[in-house]
Structures are given as C-alpha cells and as structure tokens.
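Chain residues, written in single-letter form:
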Amino acid sequence: MLEIHELYAKVEGKQILNGLSLSIKPGEVHAIMGPNGSGKSTLGNVLTGRSGYEVTSGNATLNGKNLFNLEVEERAREGLFLAFQYPVEIPGVSNMEFLKASVDARRKHLGLPDLSSFDFMKLARESSQKVSLDPAFLKRGVNEGFSGGEKKRNEIMQMMLLEPSLCILDETDSGLDIDALQVVAAGVNAMRSSARSFIVVTHYQRLLDYIIPDYVHVLSQGKIVRTGDKELAKELEDKGYGWLEKEGV
Amino acid sequence: MSDAIVNRRQSIPAVLNPFQQHALVLADQQVMSDGRAALLQTLRQQGAENFKRATWPGRKVEHWKYTSVQALKTYESAGWATPVKLPEGFCSERLMTLNATRLVFVDGALDAAVSDSMPAGISLFSEADTLATQLISSHLGKIAGSVDPSRRNLFAALNSAWTAEGLLIHVAQNVILEKPIYLVHISTGSNPVANQRTLMVMEQGANAQLIEHFLSASGEAPDSGFVNTLTEIHIGQNAQLHHTRLNLEHESAAHVGAVHVNLMRDSVFNGFTVSEGSKLKRLDYHLNHCGQGASLNFAGIYLARHDQLVDYHTCIEHRVPHCTSQQIFRGIVGDKAKAVFNGRIHIFQDAQKTLAEMNNRNLLTSDSAEINTKPELEIYADDVKCAHGATISQLDDTALYYLQSRGISPSQARMMLSFGFVNELLSGLPIEDVKLWLENWLRHRFSEDRSLVSDVNPRVKSGADL
Numbered sequence: 004m005l006e007i008h009e010l011y012a013k014v015e016g017k018q019i020l021n022g023l024s025l026s027i028k029p030g031e032v033h034a035i036m037g038p039n040g041s042g043k044s045t046l047g048n049v050l051t052g053r054s055g056y057e058v059t060s061g062n063a064t065l066n067g068k069n070l071f072n073l074e075v076e077e078r079a080r081e082g083l084f085l086a087f088q089y090p091v092e093i094p095g096v097s098n099m100e101f102l103k104a105s106v107d108a109r110r111k112h113l114g115l116p117d118l119s120s121f122d123f124m125k126l127a128r129e130s131s132q133k134v135s136l137d138p139a140f141l142k143r144g145v146n147e148g149f150s151g152g153e154k155k156r157n158e159i160m161q162m163m164l165l166e167p168s169l170c171i172l173d174e175t176d177s178g179l180d181i182d183a184l185q186v187v188a189a190g191v192n193a194m195r196s197s198a199r200s201f202i203v204v205t206h207y208q209r210l211l212d213y214i215i216p217d218y219v220h221v222l223s224q225g226k227i228v229r230t231g232d233k234e235l236a237k238e239l240e241d242k243g244y245g246w247l248e249k250e251g252v
Numbered sequence: 137m138s139d140a141i142v143n144r145r146q147s148i149p150a151v152l153n154p155f156q157q158h159a160l161v162l163a164d165q166q167v168m169s170d171g172r173a174a175l176l177q178t179l180r181q182q183g184a185e186n187f188k189r190a191t192w193p194g195r196k197v198e199h200w201k202y203t204s205v206q207a208l209k210t211y212e213s214a215g216w217a218t219p220v221k222l223p224e225g226f227c228s229e230r231l232m233t234l235n236a237t238r239l240v241f242v243d244g245a246l247d248a249a250v251s252d253s254m255p256a257g258i259s260l261f262s263e264a265d266t267l268a269t270q271l272i273s274s275h276l277g278k279i280a281g282s283v284d285p286s287r288r289n290l291f292a293a294l295n296s297a298w299t300a301e302g303l304l305i306h307v308a309q310n311v312i313l314e315k316p317i318y319l320v321h322i323s324t325g326s327n328p329v330a331n332q333r334t335l336m337v338m339e340q341g342a343n344a345q346l347i348e349h350f351l352s353a354s355g356e357a358p359d360s361g362f363v364n365t366l367t368e369i370h371i372g373q374n375a376q377l378h379h380t381r382l383n384l385e386h387e388s389a390a391h392v393g394a395v396h397v398n399l400m401r402d403s404v405f406n407g408f409t410v411s412e413g414s415k416l417k418r419l420d421y422h423l424n425h426c427g428q429g430a431s432l433n434f435a436g437i438y439l440a441r442h443d444q445l446v447d448y449h450t451c452i453e454h455r456v457p458h459c460t461s462q463q464i465f466r467g468i469v470g471d472k473a474k475a476v477f478n479g480r481i482h483i484f485q486d487a488q489k490t491l492a493e494m495n496n497r498n499l500l501t502s503d504s505a506e507i508n509t510k511p512e513l514e515i516y517a518d519d520v521k522c523a524h525g526a527t528i529s530q531l532d533d534t535a536l537y538y539l540q541s542r543g544i545s546p547s548q549a550r551m552m553l554s555f556g557f558v559n560e561l562l563s564g565l566p567i568e569d570v571k572l573w574l575e576n577w578l579r580h581r582f583s584e585d586r587s588l589v590s591d592v593n594p595r596v597k598s599g600a601d602l
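Protein chains in written order, with our numbering: chain Z, 4 to 252; chain X, 137 to 602.
A hint or two may mislead.
Unchecked claim - Think about it this way: if two alpha-carbon atoms lie no more than 35 Å apart in a straight line, the pair counts; the simulated DSBU-like pairs of lysine-lysine are:
| # | chain 1 | residue 1 | chain 2 | residue 2 |
| --- | --- | --- | --- | --- |
| 1 | Z | K103 | X | K201 |
| 2 | Z | K133 | X | K521 |
| 3 | X | K521 | Z | K154 |
| 4 | X | K278 | X | K472 |
| 5 | Z | K125 | Z | K103 |
| 6 | Z | K142 | Z | K111 |
| 7 | Z | K242 | Z | K13 |
| 8 | Z | K154 | X | K201 |
| 9 | X | K472 | X | K201 |
| 10 | X | K209 | Z | K142 |
| 11 | Z | K233 | Z | K17 |
| 12 | X | K278 | Z | K125 |
| 13 | Z | K13 | Z | K226 |
| 14 | X | K188 | X | K571 |
| 15 | Z | K13 | Z | K28 |
| 16 | X | K510 | X | K209 |
| 17 | Z | K103 | X | K188 |
| 18 | X | K571 | Z | K111 |
| 19 | X | K571 | Z | K142 |
| 20 | Z | K242 | Z | K68 |
Said to hold, decoys possible - Sample of chain Z residues at the chain X side, in silico, Cβ under 8 Å:
| # | residue |
| --- | --- |
| 21 | T51 |
| 22 | V75 |
| 23 | Q88 |
| 24 | V91 |
| 25 | G95 |
| 26 | A104 |
| 27 | R109 |
| 28 | G144 |
| 29 | G148 |
| 30 | G152 |
| 31 | M163 |
| 32 | L165 |
| 33 | G243 |
| 34 | L247 |
Said to hold, decoys possible - Label pairs and their in silico Cβ distance ranges:
| # | chain 1 | residue 1 | chain 2 | residue 2 | range |
| --- | --- | --- | --- | --- | --- |
| 35 | X | S529 | Z | G40 | 42 to 52 Å |
| 36 | X | H580 | Z | N39 | 27 to 37 Å |
| 37 | Z | D232 | X | K521 | 39 to 49 Å |
| 38 | X | T527 | Z | K142 | 20 to 30 Å |
Rather than coming from a laboratory, the hints here were simulated on the basis of the structure. In this text, a Cβ means the ideal position worked out from N, Cα and C, and glycines have one as well.
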C-alpha cells in the first residue's frame, strides 16, 4: 500500500524528517506517536504535498505510484486522505458544494459516473448521520463556525464519502470530548477493511483504546526509533518519551 | 502681483462644459402639470443652481480623483429616453420571482402593464393626493440636503434639477409591510438619458423591506443609457428598513446614483448592495444618524472586469450620541478594470458612545486591475469606538491546499474560493428568494468568465508608488 523509504524533508529550511522509513500493507492500522516537534504532522503534510514542505531525499509510493511526482489533488484522487489537525474554515462555500466537488473529482479519476445531485445529497445525509453531524451542517460554509468536535466529524464524513485507500488522521483526537472521540473512532472502525490502511497520528494512548492499531511507531527527531504493538502505546503513556531517549535508541 | 492673480481668478466666470449646458437644456424640456411644477419648482431650481456652481469632476477633485466622467461626453446632445415596450417574457426571465409588490420602471417611467397595483401609501409624484403632496414638500430634497454642502455630489443636484416625476413610498405609523417592495429600473438604452427619483418616508414604528434593482433591457446588446438616480429615505423613530440595491446593468451603461438615509431615534437601517462595473458607475451612500440609539448594518459587493469601473463612496455621519454603524464591503477586480471604495465615517463632537466599524477587502485577479480603497475617518468626539480595516489580498494558501487535498483541481479551488469571498456576505440577506437569486447570479458570473477568479498573485502597489 504505502512504502516510505529513507525520507528526508525540510520545512522553512529546517530539517524535520531524517531518514524515515515505513511500510504499510493493505488493511493495517499504524499509530505514530512521539513528542512535540518530532515530525508527526510534517509526515502527513509531506505525503499530501503541501507547499513549503520540501522533500530533500527519499521516496514514497502509494500502490506503486511515486507520490512525489504527483500534485496535491492527484495524490488525493489516487486515494490518499489526510484528516487535518486544524480543518480550514471556508465561509461562502457550502459544505455540500465542497463535498460534491471532491467526490466528483475522485469518481472521475476512478472512471465512475458523476452522482446526480439527488443521489449525492442522499449519500451526504447518510454520511453526516453516521458521524452524528446534523445534516443542516451540509448547507453551512465549510467548517464555518463549527466547534472543534464538529470540524473533526466533518473530516471523518469527508473520508467516508471519498473512500480513500490510505487515511492519515493527524491528531484527530486533539480537542475532542469523550463522546466525540467515540463517534470519530466508530467512524474510522466502520471504514476499516482489508483494502484500506490507516496512519493514526496521536499524542495520547486514549484514542488507541478505540482504534486498535496493528503497529505503534515512536517518532523522534524525524525518524522512527521504536516499533511495537499496542502495548508500546501503554508503556509510553506510563513512562513518557524520556525513557526512550535515555536508552539511547 | 499675487493680488492681481487672485483678482483675475475671481473674475473668471464659471464656464459650463457642453455636458452641463446640455443637462440644463434637458431640464427645460421637461413638461409638467401646473400643480406638479409648483410642487417641484424649488427643488428643481435649487438643483440646477447647485449643479451650475459645482466643480466639475477631475483628478484634482478629491471625491472624483480616481473616477473619470469622460464617458458623459457621449451625452452632450442626447435626448430624454422615450419608454419602449419590454419584450415578451422579459420579466419572468430577467427579474427575481418574489412575493413582493413589484413596480417596474422603464427608462424612468412606470410600466403599469408589468407592475402590480400600488398599495396604499405608494404613489407617483404626478398622482400625489393631499397627504402625499405634504410628504413630498416636507421631505423631498431635505434628506439629501442635510449633507454638508462641501460633501454633496453634483449629480444629486442634477437629479433634483431633472426631477419631474418620482415615486413616493409612505409607510404609516406602526405599519408593518408584509410584502417587500420590489422596484425595478430598466434601461433600454434606446434613447439615452433617464432620471429616477424615489422618496421613502417611514413613520414611527414602521417596518419595511425595499429592493431596488437596476438592469439593462438586453443582457448582451450595448446599453447607451445614462441614468441618474437618487433615493431619499427617512426612517422614523423605532422604524426598521431592510434595503437592497442591485446595480447590474450592462457594462456599456453609465449610472450615477445615490442613496441618502436619515435615521431617527432608535431606528434601524440594514443595507445591502451589489454592483457590477460599467463604463461609468458611481454610487454614493449617505447614511446619517440623526436620532440617538439608531443603528445601521451595511454590506456591499462589487465586481469589475474587462475595462469596467465601479466606484462606491459611502459616508456615515454620526451626528448624535449612542449610535452604531457596521459596514463591510468586498470587491473583486480583474482584467483592466478599476474599483474605488471610499468609506467616510464622520463622528460629530457630540456623538459620544458611538460604535463604528468599517471593513473593506479586495481581491485583485490580474496585474492590470486597479483598486483604490480609502478609509476616511473624521472623529471629533473622544469617547467612541471606531475601527476600520482595508486589505488587498490574494486567496488563502491554506484554504487552497485544503481543497486540493480533497482532489479538487487548483483551477476549480480558486474559483470556489473567489466565489466564496463575496458569497459569504449574502448570508445576511433576510429574503431567501433574493439570496438564492443572487447566489445563482454570482455562480453564473464566476463560471462563465475566469476574469474574476484569482489565478495570479498580483503586485500590490502602495499609495506611495502611485
């Protein structure tokens, strides 16, 4: 599914990723944890192709395609999805219009026919109910005036509609109360399948109680310093990241 | 030596240019019944006098610095428009379908065939009864006339000189108009010059919605018309008005218009305006707080492309304490077009506890487009809160990235964001059908022509470079 090999990347001239390698097979859920500034969010931005994030060496392929040869929107159409840590508010553009445009683009790329407005509305309403978001939010501006939890649920709804093959959740749990966390986790779990993989970036073990990962990686100074199963997350929760650094890994 | 020069300057008689001379000839051509002539005589004479004395617009006249009236040369021998019959199906195709009292004016004259019957309180000046005559003589020209003479626009004076007919809208005390009033002004361009005068008097506790919609008869063919409009509105104590004005004429039309509003104690004015540029489009809003506790909320959108011009001059006078004003304007300017936004807020010495906010944001979508934005604040009271902001910017990179990360092409993302930039202001419109119509209109504009879509990151010159 996703192969990242020896990835080095800079942001504003500062080296953030230092030879990160990661291999994800279809159906797997990988959690990435690590202290602030270790490069967790950078990884998502580099993979999706945000401007200002400069890949200095290494490569990444999604289903065999070199991501770094593709534009931001082409990567998305290939099935890469990033749930933003801070979803962007776009007043004046309705959520429905935004969702339709993105689903149309993905379907066109896959060679599927456009959904009619009626069918799309129906689909969007169903998806909004799955994440307990009032369908009235579809008519509002994109994320405009949404609470933190509503924004994150809107991200998960987009993920459901786009049916990506690789989903990156960038600190989707930050700023969520327990109820919203459960809704988001249930949304993700419903999406799990043998053909779809996830990277779950988080600071806290709590999210991983709901979304059980196959692997947990610890990122430090731009590379993966330890890999384990979900028990590693619990160990981190107890001991913090300091012990890893003391061990000199 | 210097005395001689001063004397010589003073001795030069004011020479009227050919347009001014012809404008006065046009005024003399107007025919009225004796009664109406008597009613309007003072207004017309004063208007003509003020028009003659006014300084003609030019680069050195502050309020015309960026707007040329060169286009008026076309009308130096033009005649009064003679109304033409509208083509079949025009109203259903081109006008908004509203549950409203619709009155359609073609080249300044009411077209009864496509208008609703006038409800009580609404009448033409030519059909004014005793009460209407009283209202006209006590208010007409007085609202526009309450502006400081140095601030008056000479075209408002010309409008008065040309006022031979007009519409009075009277909303009596505590009357709530169930239906909005939808005034449509169509310019056929068949014969160039038209004048439009509207007077609205809202008594204490009245509540109404007024929509003024200006358009050209043909969406495609050139409209050679010059239209001068003036709307005066008196909002009585505790009365509330929502006013929408759309100036969506063909780009070949010339339009100079003004809206003058006096707000009495605790009254509310909610204003909304959209206009598209044309060879000359100048719109002046004078909103005056005359009674304590009055508040106004005013939003505007302007779009200009090709070689169009659009110029908004707004002036809010806080003459008394405890009033609020909020103003937000957004514009998109592309191609070689030019836009002007001049927002003046004048807080009088006695107007303590004033709250005034003004914001103007612009998107430039080409390197040759021009926007001149100027906040003009005059504050003579010391206990007030007044904020203003003006920006000329490009689309937000983060928002672009967000849309692209969902598979949307950069070109479509830019269109959605440019559209959203102005569409956001429509959310304040109270009539759903107006909002939907405008949203569709905007959507159409943005999809048919990329000149309003920000594809470039234009150079922004500061005032010092100009």
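Hint by hint, here is what the structure shows:
{"no.": "1", "hint": "Z/K103 to X/K201", "in the structure": "violated (46 Å)"}
{"no.": "2", "hint": "Z/K133 to X/K521", "in the structure": "violated (46 Å)"}
{"no.": "3", "hint": "X/K521 to Z/K154", "in the structure": "holds (34 Å)"}
{"no.": "4", "hint": "X/K278 to X/K472", "in the structure": "violated (39 Å)"}
{"no.": "5", "hint": "Z/K125 to Z/K103", "in the structure": "holds (12 Å)"}
{"no.": "6", "hint": "Z/K142 to Z/K111", "in the structure": "holds (24 Å)"}
{"no.": "7", "hint": "Z/K242 to Z/K13", "in the structure": "holds (30 Å)"}
{"no.": "8", "hint": "Z/K154 to X/K201", "in the structure": "violated (47 Å)"}
{"no.": "9", "hint": "X/K472 to X/K201", "in the structure": "holds (18 Å)"}
{"no.": "10", "hint": "X/K209 to Z/K142", "in the structure": "violated (48 Å)"}
{"no.": "11", "hint": "Z/K233 to Z/K17", "in the structure": "holds (32 Å)"}
{"no.": "12", "hint": "X/K278 to Z/K125", "in the structure": "violated (57 Å)"}
{"no.": "13", "hint": "Z/K13 to Z/K226", "in the structure": "holds (13 Å)"}
{"no.": "14", "hint": "X/K188 to X/K571", "in the structure": "violated (41 Å)"}
{"no.": "15", "hint": "Z/K13 to Z/K28", "in the structure": "holds (27 Å)"}
{"no.": "16", "hint": "X/K510 to X/K209", "in the structure": "holds (28 Å)"}
{"no.": "17", "hint": "Z/K103 to X/K188", "in the structure": "violated (58 Å)"}
{"no.": "18", "hint": "X/K571 to Z/K111", "in the structure": "holds (31 Å)"}
{"no.": "19", "hint": "X/K571 to Z/K142", "in the structure": "holds (14 Å)"}
{"no.": "20", "hint": "Z/K242 to Z/K68", "in the structure": "violated (39 Å)"}
{"no.": "21", "hint": "T51", "in the structure": "holds (5 Å)"}
{"no.": "22", "hint": "V75", "in the structure": "holds (4 Å)"}
{"no.": "23", "hint": "Q88", "in the structure": "violated (12 Å)"}
{"no.": "24", "hint": "V91", "in the structure": "holds (4 Å)"}
{"no.": "25", "hint": "G95", "in the structure": "holds (3 Å)"}
{"no.": "26", "hint": "A104", "in the structure": "holds (5 Å)"}
{"no.": "27", "hint": "R109", "in the structure": "holds (5 Å)"}
{"no.": "28", "hint": "G144", "in the structure": "holds (7 Å)"}
{"no.": "29", "hint": "G148", "in the structure": "violated (11 Å)"}
{"no.": "30", "hint": "G152", "in the structure": "violated (18 Å)"}
{"no.": "31", "hint": "M163", "in the structure": "violated (13 Å)"}
{"no.": "32", "hint": "L165", "in the structure": "holds (7 Å)"}
{"no.": "33", "hint": "G243", "in the structure": "violated (32 Å)"}
{"no.": "34", "hint": "L247", "in the structure": "violated (32 Å)"}
{"no.": "35", "hint": "X/S529 to Z/G40: 42 to 52 Å", "in the structure": "violated (31 Å)"}
{"no.": "36", "hint": "X/H580 to Z/N39: 27 to 37 Å", "in the structure": "violated (48 Å)"}
{"no.": "37", "hint": "Z/D232 to X/K521: 39 to 49 Å", "in the structure": "violated (59 Å)"}
{"no.": "38", "hint": "X/T527 to Z/K142: 20 to 30 Å", "in the structure": "holds (28 Å)"}
The earlier numbered hints that this structure contradicts are 1, 2, 4, 8, 10, 12, 14, 17, 20, 23, 29, 30, 31, 33, 34, 35, 36, 37.
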